[in-house]
Structures are given as structure tokens and as C-alpha cells.
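Use these hints to put chain B onto chain A, whose structure you have.
Single-letter residue listing:
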Amino acid sequence: MGMTITEKILAAHAGKDSVSPGDNVWVDVDVLMTHDVCGPGTFAIFKKQFGENAKVWDRDKVVIIPDHFIFTEDTHANRNIDILRQFVKEQDLPHYYDVGTDNYKGVCHLALAQEGFNRPGEVLFGTDSHTSTSGAFGMFSTGIGNTDAAFILGTGKLWVKVPESMCFEFTGTFPPHIMAKDVILNVIGDIGVDGATYRAMEWRGDAVMSLSMEERMTLCNMAIEAGGKNGIIEADEVTTDYVRGRTDAPYKIYHSDEDAKYFFKKTYNANEMESIVAKPHSPDNKAKVSECEDVKLDRAYIGSCTGGKLTDFMAAAKLLKGKKVLIDTFIVPATREVEEDLHKEKIGGETLVDIFKNAGAYLGDPSCAACLGGPKDTFGRAGDNQVVISTTNRNFPGRMGSKQSHVYLASPYTAAASALTGHITNPAEFVNN
Amino acid sequence: MKKIIEGLAYVLGNDVDTDQIIPAEHLVYSLSDPEERKNYGKFALSGVPGDQAGLPDGNVSFTEGDDFESKYSIIVGGKNFGCGSSREHAPACMEIAGVKAVVALSYARIFYRNSVDGGFFIPFECDTLLVEEIKTGDDLKIDLNANTLTNKTQGKTYDLKSLGEVIEIIEAGNIFEYARKTGMIASS
Numbered sequence: 001m002g003m004t005i006t007e008k009i010l011a012a013h014a015g016k017d018s019v020s021p022g023d024n025v026w027v028d029v030d031v032l033m034t035h036d037v038c039g040p041g042t043f044a045i046f047k048k049q050f051g052e053n054a055k056v057w058d059r060d061k062v063v064i065i066p067d068h069f070i071f072t073e074d075t076h077a078n079r080n081i082d083i084l085r086q087f088v089k090e091q092d093l094p095h096y097y098d099v100g101t102d103n104y105k106g107v108c109h110l111a112l113a114q115e116g117f118n119r120p121g122e123v124l125f126g127t128d129s130h131t132s133t134s135g136a137f138g139m140f141s142t143g144i145g146n147t148d149a150a151f152i153l154g155t156g157k158l159w160v161k162v163p164e165s166m167c168f169e170f171t172g173t174f175p176p177h178i179m180a181k182d183v184i185l186n187v188i189g190d191i192g193v194d195g196a197t198y199r200a201m202e203w204r205g206d207a208v209m210s211l212s213m214e215e216r217m218t219l220c221n222m223a224i225e226a227g228g229k230n231g232i233i234e235a236d237e238v239t240t241d242y243v244r245g246r247t248d249a250p251y252k253i254y255h256s257d258e259d260a261k262y263f264f265k266k267t268y269n270a271n272e273m274e275s276i277v278a279k280p281h282s283p284d285n286k287a288k289v290s291e292c293e294d295v296k297l298d299r300a301y302i303g304s305c306t307g308g309k310l311t312d313f314m315a316a317a318k319l320l321k322g323k324k325v326l327i328d329t330f331i332v333p334a335t336r337e338v339e340e341d342l343h344k345e346k347i348g349g350e351t352l353v354d355i356f357k358n359a360g361a362y363l364g365d366p367s368c369a370a371c372l373g374g375p376k377d378t379f380g381r382a383g384d385n386q387v388v389i390s391t392t393n394r395n396f397p398g399r400m401g402s403k404q405s406h407v408y409l410a411s412p413y414t415a416a417a418s419a420l421t422g423h424i425t426n427p428a429e430f431v432n433n
Numbered sequence: 001m002k003k004i005i006e007g008l009a010y011v012l013g014n015d016v017d018t019d020q021i022i023p024a025e026h027l028v029y030s031l032s033d034p035e036e037r038k039n040y041g042k043f044a045l046s047g048v049p050g051d052q053a054g055l056p057d058g059n060v061s062f063t064e065g066d067d068f069e070s071k072y073s074i075i076v077g078g079k080n081f082g083c084g085s086s087r088e089h090a091p092a093c094m095e096i097a098g099v100k101a102v103v104a105l106s107y108a109r110i111f112y113r114n115s116v117d118g119g120f121f122i123p124f125e126c127d128t129l130l131v132e133e134i135k136t137g138d139d140l141k142i143d144l145n146a147n148t149l150t151n152k153t154q155g156k157t158y159d160l161k162s163l164g165e166v167i168e169i170i171e172a173g174n175i176f177e178y179a180r181k182t183g184m185i186a187s188s
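Protein sequences appear in the order of chains A and B. Under my numbering, the residues of the first sequence are numbered 1 to 433, in order. Under my numbering, the residues of the second sequence are numbered 1 to 188, in order.
None of these hints come from the bench; they were simulated from the model. Built from N, CA and C at the ideal position, the CB exists for glycine as well. Mixed in with the good hints, there may be bad ones.
Said to hold, decoys possible - List time: in silico DSSO-like cross-link candidates among lysine-lysine, alpha-carbon distance up to 30 Å:
#1 B:K79 - A:K47
#2 A:K286 - B:K79
#3 A:K16 - B:K181
Unchecked claim - Okay, the calculated beta carbon distance ranges per label pair:
#4 A:T173 - B:A146: 56 to 64 Å
#5 A:T75 - B:L8: 32 to 40 Å
#6 A:P94 - B:S187: 25 to 33 Å
#7 A:K288 - B:L8: 41 to 49 Å
#8 B:L129 - A:T173: 38 to 46 Å
#9 A:D384 - B:E133: 35 to 43 Å
#10 B:D51 - A:I83: 13 to 21 Å
#11 B:G50 - A:G348: 48 to 56 Å
#12 A:K288 - B:V60: 32 to 40 Å
#13 A:T240 - B:E35: 48 to 56 Å
#14 A:D92 - B:R180: 21 to 29 Å
#15 A:D17 - B:A186: 25 to 33 Å
Stated by the list, open to error - Facing chain B, a subset of chain A residues (Cβ under 7 Å, in silico):
#16 E52
#17 D148
#18 I191
#19 T197
#20 G373
#21 P375
#22 P397
Just chain A, same shape as in the assembly (with noise of 0.2 Å):
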């Protein structure tokens, strides 16, 4: 019997030759992520198991990106800050990224991509749920809990049980006005919050190899808003273009067998996509944005791991530029590199930095921000019943802020259309015009 690329990839960590499906097998980890809200809780967990005075079990494979409460008063979170600075410095860490520094990266999940953490056939565990975004670069990885990072700290090991590979094919070409989260919405509206849960979400196609990087990882980004517990897509010359660009680490390519056995198979039609939004106050709750255009809107946020990369305001600015928006807009670049690249990148010999301001938008620094509320000053938090249009992966009751708030989630193309007519709309005119 064949083998999913999850299965082998799961396999040759686990030192065998063949895994299925219901299997528990120990992993060895090739990187342990985690962040400033997570992390405090792991290296207490890890002293108090292994020691005061324990070593990491390999320094140069944990990597500690702050990026979820950064640029707040709040105490508490800044006291976390200074715990992970404490840990790095004990345990001698290379792979820190500092706030307050040049060094800052801002969201993990880019951030390892960027910083070159992401290798095809590596097993990489974080201590966040959109871990599930490292699977774009043909590799496993998911998120995990404080407790099981403290035992990766400790053993460089921890045990899974092999999920069965759910496949979701998309043939032909995306329309112009559709972007990856129109593909991902649709896909959890189909299967529900829980449709993948325990699963891999393999993604195939043509259409889906035709995406560029950032677009595979938001495919991948939002597997767990299905439950799933990877996201995965094979390496192929998009990937190692990227990936050579970023490390000289050596890797390992997998590829799933024709045989390969699979809980759920579904072939989509690329050509025949349309702008999706997921409803309050779920993932889930799909509807085409044609059916939404009477939802009058307060607020537009362009940010997140999920919707914050330079493809997604390079999609956001060719809506807004030489326009106004008439709702207040938020933006916020998930990492340096994305802010950095808003100053550089041009539309019509106008930056996207811009463009973004002379349509009345509001830029943020990069971190996670007001994605998942965060303390009171958090950039972009959701206040009283506002009705916001987002471009991040959940929307959950009180998700960005205020538990009053409505929550649409939809594509950068959908919600900087959106900003210009202040209730939700359709793209595909002014993408296609």
C-alpha cells in the first residue's frame, strides 16, 4: 500500500520504513517554534521536568519568534517579553528575534518561512494552531500545547498519531478576483469546523501548484479552522525557488504515491470559484459575497499570518489605489520583511505604503494585533458591536476584541473592496477592470 506524504514524511522521522493511519509514533523534531505568549509557560514546564539547569536538547533547532503582544502598556505581557530574553540568554539561542530591535520579525508563521525554518520533509512542531502553515513548503507541522513543547525542549521527540489524508483537488484556473482564502473558506464551509479534525489536508491540482508561496500558505494556514491537523502541499520548483533563496540547510522532497490511501477525496473546479466570506461567528458560516452585499461594514482589517503578506496588500492596493476608503481601515503587515517591502513595492510608480495612506488607511507595526483582540491598546481591536470585514482566520465570538462584534473573514480582494463602499462586495469588477 502507497503512502500520503504526511505518512512518509511521518515515517522517516519516526525511523521506519511504513506508517498508516491510527498509528502513535515518536517523531524526531527538526524545529520547536514558539512565541511570547506561549513560551513563558513551555520553559516553566521544562525547568520544572528536567531541571533548573537543563539544557535544550539542540539549540539550533528552537526558534522563538515574539509576535502576538507586542507593542502594548500591558505589564504582564511585557514582563513575558523579558522572560523569553532570560530563557535565550541561559540556554544560548541563536534563532531569537527581539522586540525593540532590528533583529524583529514579527507573525511566526511568515517569519519562519522568511528566516528560511521552513524545508521541505522536516517535521516542525509550534505552539500555535496556524503552525498548520509550514505544510505549504511540503513539510509536516502542527501546533502544539505548552506541555508537549516542554517534553520536545527536553527529548527533541513526541509522540503522534498518524492522521488519515483528506485530499482536495483543484483543476483548471482561478479566476483573477480569487484568492487562496476564497479557496479555504469554501472548502471549511464544505466540510464544517470539525470536518478535518485529527486529519491531514492534502492540497493538489494544478491550479493549486499554479499559486505562489504565500497564497500555499494560506491554504495551509487555515487547516486547523477545520479541525485538521496538518496542511500539506508537495515541494515543487515554487517551493525550492523560495526556500533556496533563504537557507543552504539540506532537505528531503516527498511525494505522495499513486496508491496512496486517502479517509476523503473531492475535485474541485478552479474556474468556477467565487468570493467567499465566512458569517459571525464562525469559519464555517460560508456565503458567496454576492449573497452579502446589503452587510454595511464599520471596519476593514487587512492583517494576520493569514491575510498579512505582500501578496495580500499588493491584491488590497491595486483595489485602493487612487481611491478612498469609507470605512476605517487597518492595516497591518505581518512581519519587517512585508513592512519593508510596502516601501519598496510599486503600482504605478506609487508605493504600496502609499497608496495605502492616501486612501485614508491606518498602517500598523507588524505582529499579530488585533487577529485575536489582545490587550485593550492592541492596533485594530474590534470596540462595542462593530461590524468588521478581516482578512485573518477566525472569527469566533469576541475573536478581535469586543464580544459584541460581528466578524466577516474574506480574501484582501474582498475587503479592500469592501473599504471603498463601506458594505461587503464583490471584487471581481474591480479586479477584472
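Just chain B now, with coordinates in the frame of chain A:
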């Protein structure tokens, strides 16, 4: 491991996410400082929308005022309990508030794993949609030997699903104790 767990029920609906269990603005307190960690108990389940908090009536506070412990120690949930983020603060805040067990139709993967590996409480599954049967405040008893849940208030007993292979980690206490028992890491 205790073989009998007794307590009052606090009933929630489907898809209770980790932002409802502990809103992100509270993820800043220390989990190891004995005093500071009490904040997690105080704010446990504070993000649940009022009409869903303590079913069937709703608008039942899980903890009162500044208390960090709840009088309810068994949570009854629907499908996909604990979906969303990987924050271990979610099962931790429930344990700090005094939760001894959760009984749900199904769980989100990371929440389930965190509950077991961290040894916070036992996540039981039951094929009956208990949220339609059990009322917040009902007196419950879980018998691990018989694998049953009894609603003493209503005089009804339900079969629980077997805990399966994770029973070994639950019996050991957490993933570290399990790894020590099996010789994977050295005994301390």
C-alpha cells in the same frame, strides 16, 4: 487516578472555542506563580456568549465575582469542544477553576491532546448529546470502572466511550510521567 469523579454540571453548546474558554487578552498571566495563576480561574469560560453560558437557561456565571474557583466541576459540551488555538491556558484555566472532567460529543484535536498530556482533567466522550439532557447544576457522578456517567439529579445513567490508548498517559498523570514509566526519559 481517582475512579469516581463527582460534581455539579456546567453545560455548554457545540464548537466552544478557546477564545471563549479564555479570551486572548488574559493570556498574559503567569501559569506558574501560585497567586497570579488564579486569574486564569477567575476568567475561565468568560468569553462564552451569555445565552450559551450554563445551558439550558444561559446567563449562568461559571465563577462568581473575584472567585477563581467554580462550584461546577464537570463540564458538559457538544461537538468539537475546545476548537481554535493551541493555547494550553484553555485546559489550564479550567483546572485552576476546579474542573475535574469534561464530557463532550467530540473534541478539537489540540485541546484534547493538551488536556491529556498536561494532565489537567480527563476529557471523556459520550455518543449521547448530553447537552440536551443534562441541566447546569445537575449533580453528576462519573465511574471510571464502569465507564458511565450518572445524572443523580435526574436518575439517568449514560455509557461513556472508552478512553482508548491515552488511558496510559492519563493513569501516569501526564506525558512526562508516562515517558518516565516507559523509560523514554530518566526518572527524576
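Now for the hints, and whether the structure bears them out:
Straight-line distance between C-alpha atoms of K79 (chain B) and K47 (chain A) comes to about 35 Å, which puts the hinted pair past the 30 Å bound. Between K286 (chain A) and K79 (chain B) the alpha-carbon distance is near 19 Å, which keeps this suggested pair within the 30 Å criterion. Proximity of K16 (chain A) to K181 (chain B) is assessed by CA-CA distance (about 23 Å); at most 30 Å being required, the pair is judged to hold. Distance hint for T173 (chain A) and A146 (chain B): a CB-CB separation of about 58 Å, consistent with the stated range 56 to 64 Å.
A beta carbon spacing of about 36 Å between T75 (chain A) and L8 (chain B) agrees with the range 32 to 40 Å that was offered as a hint. Look at P94 (chain A) against S187 (chain B): about 32 Å separates their beta carbons, and that is inside 25 to 33 Å. Here the CB-CB span from K288 (chain A) to L8 (chain B) is close to 45 Å, well matched to the stated 41 to 49 Å. Between L129 (chain B) and T173 (chain A) the Cβ separation comes to about 44 Å, which falls inside the hinted range of 38 to 46 Å.
A hinted range of 35 to 43 Å for the beta carbons of D384 (chain A) and E133 (chain B) is consistent with their spacing of about 37 Å. Between D51 (chain B) and I83 (chain A) the beta carbon distance is about 38 Å. The supplied range of 13 to 21 Å is therefore violated. Between G50 (chain B) and G348 (chain A) the beta carbon distance is about 50 Å. The supplied range of 48 to 56 Å therefore holds. Under the hint 32 to 40 Å, the C-beta atoms of K288 (chain A) and V60 (chain B), about 38 Å apart, fit the expected range.
Checked against the hint of 48 to 56 Å, the pair T240 (chain A) and E35 (chain B) passes, with Cβ atoms roughly 52 Å apart. For the pair D92 (chain A) and R180 (chain B), the beta carbons lie near 27 Å from each other, so the given range of 21 to 29 Å is met. Look at D17 (chain A) against A186 (chain B): about 29 Å separates their beta carbons, and that is inside 25 to 33 Å. Here the hint on E52 (chain A) is broken, as its CB sits about 12 Å from the closest CB of chain B, past 7 Å.
For D148 (chain A), the suggested interface contact is upheld, since its CB lies about 6 Å from the closest CB of chain B, less than 7 Å. Given the 7 Å rule on beta carbons, the hint for I191 (chain A) is violated: about 12 Å separates it from the nearest Cβ of chain B. Taking 7 Å as the C-beta contact cut-off toward chain B, the hint placing T197 (chain A) at the interface holds, the least distance being around 6 Å. Taking 7 Å as the C-beta contact cut-off toward chain B, the hint placing G373 (chain A) at the interface holds, the least distance being around 5 Å.
The beta carbon of P375 (chain A) comes within 6 Å of a beta carbon in chain B, closer than 7 Å, and the hint placing it at the interface holds. About 5 Å separates the beta-carbon of P397 (chain A) from the nearest beta-carbon of chain B, less than 7 Å, and the hint is met.
Comparing the model with each earlier hint shows violations of hints 1, 10, 16 and 18; every other hint is respected.
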